[in-house]
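Asks: Residue-level listing of the chains:
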Amino acid sequence: MSLLTIKELTKFYQADKVAVDHVSFHLNKGECLGLVGESGCGKSTLARCLLRIEPIDSGSIFFENEAIENLHARNLFPYRKKMQIVFQNPTAALNPKLKVKDSLIDPFIQFKKELSLSHFSYTSTDAFVKQLLEAVELPADLAHKYPHELSGGQRQRVTIARAISIEPELIVLDEPTASLDVISQKAVLTLLTELRETLNLSYLFISHDLAAVSQMCQRILVMKECRLVDQFNTDRLFDNERHSYTKELISIF
Amino acid sequence: MMNGLTLRLPKLKRLSWRGIAALIGLIIILIVVIYTFVFLRHDPNLTNLDERLQNMSIQHPFGTDQLGRDVLTRLLLGAQQTIGYSLLALFAAIIIGVPFGLIAGYKRGVIDRVFMRVGDGFLAFPDTIVAIVLSGLLGPGIGNLVLAIIMIKWVSYARLVRSTVLSESQKEYVLVARTNGLSPSKIIRKHILPHIVGHVLVLASLDLGKIILLISAFSYIGLGVQPPTPEWGAMLNESRPYFQSRPELMIYPGLAIVAVVLLTNMAGDYLRDHFDVKKEVQ
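In the order they appear, the protein sequences are chains A and B.
According to the numbering used here, the first sequence is numbered sequentially starting from 1.
According to the numbering used here, the second sequence is numbered sequentially starting from 1.
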């Protein structure tokens, strides 16, 4: 079943400068879909567009077969609780003036009334935060610390904990490991894979690291200069019919 | 052997104890000011020409001024005027400036431009000019002086808050909050206000010193508090002819102004460090 379908999505930065050019793809429920491409090819813009953080110029976005590209904030609210994003830089994605627990609890407070959690259970804020931190393998006493007291890997785990706190359908991972060292990268990727299985999540995994994407994902999309140039199942990565740009990416790794 | 040479560097906590001292000093001043309000030995405005320009005595610890009024009483009551009106002007400026800055910074676009051009308009006039023009139009008096100070000062709060909101609302944690469906007012309250409080308090405590000086200065030239109400600047002015014979009449209010301004500045430094969550290096 298709969870997210994008049709002919186009986004301009200025009147003549295209950022995303007629991109179409779909994402199945429970799937991890990779999106690969070099810096500046429009991956992150695409992610922001489909989360409705940025307006799009043409095309349509279907979430669970409902068009959401023109919904206003109030009507978008029920869909907001099914989508979460994890950004590349966890330092920027956590408010430096708020304690970890206050940042963590943000989405949950917002969607409290509509949520029916299956994996986590809310009894008190402290207990809930503890569950979340345990889910991402962090010690519970981090809850009372400020983000600058944490390491980069811990911070990214906190943003992941925030994303899974409302058990969304889809998490957009916008280069979640790009600002981490190799060992933390590996650990975070393993954690993400485990979480996907336990919480039955779907990922749109955006990265320039083809190796990581081919490990994590069932299908891969390749973007170049604002266009989608190739899409295929991961096991067909080395097929001969691959786009020349994909082959170029493979040869680099 | 090497151990003998190893020096343990003491942790520098100089700033914080200095700040605490400043806060304690300010609190003491406030208590004294409130105390005088309920307990007065002398009428601050009662002239007694038989006892004019007296030296220190038990009856008059700081002596008497040119009209025979008790200097200590007037000094303490003057603090109420000076500090009270300064705080009033400061709070009014903050209450006007902060919401303006929040709205301008968060909404951007046309609203931002209109608000900021209005602010620039106010900023175009130097504070002295505004105060002089206002007292020319509305007559001299402390009310008009406070109005003039509010008109000048609110802009700097609006600008400070706006610049903080502009830079903070660009960051990804605000984006995350938006994708989580937080309303703009909630984002401002939960995520942006903590960034602003520190800045505003620091600027306010530094401004308090400036405003005290301003009120004293304008009372000195006769545009602020009107005689016979005791006020430090006005006391300075009234004591001017006796500077040669009785310099202490000018020294007391002068020192009082210096002490309070100094303490507010020290408190400002302390607050700046206190609201800086990342205070690793000092």
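If you're looking for bench data, these hints aren't it; they were derived computationally from the structure.
There's no promise every hint is true.
[Claimed, not checked] Below, a sample of chain A positions facing chain B; criterion: calculated Cβ distance under 7 angstroms:
| id | residue |
| --- | --- |
| 1 | F77 |
| 2 | P78 |
| 3 | F87 |
| 4 | A93 |
| 5 | L94 |
| 6 | D106 |
| 7 | P107 |
| 8 | Q110 |
| 9 | K224 |
Just so you know, these numbers come straight off a predicted model, no measurement behind them.
All C-beta atoms, glycine included, are put in the ideal place defined by N, C-alpha and C.
Asks: For this structure, which hints from the list above don't hold up?
Replies: Violated hints (numbers, rising): 2, 9; every other hint is consistent with the structure.
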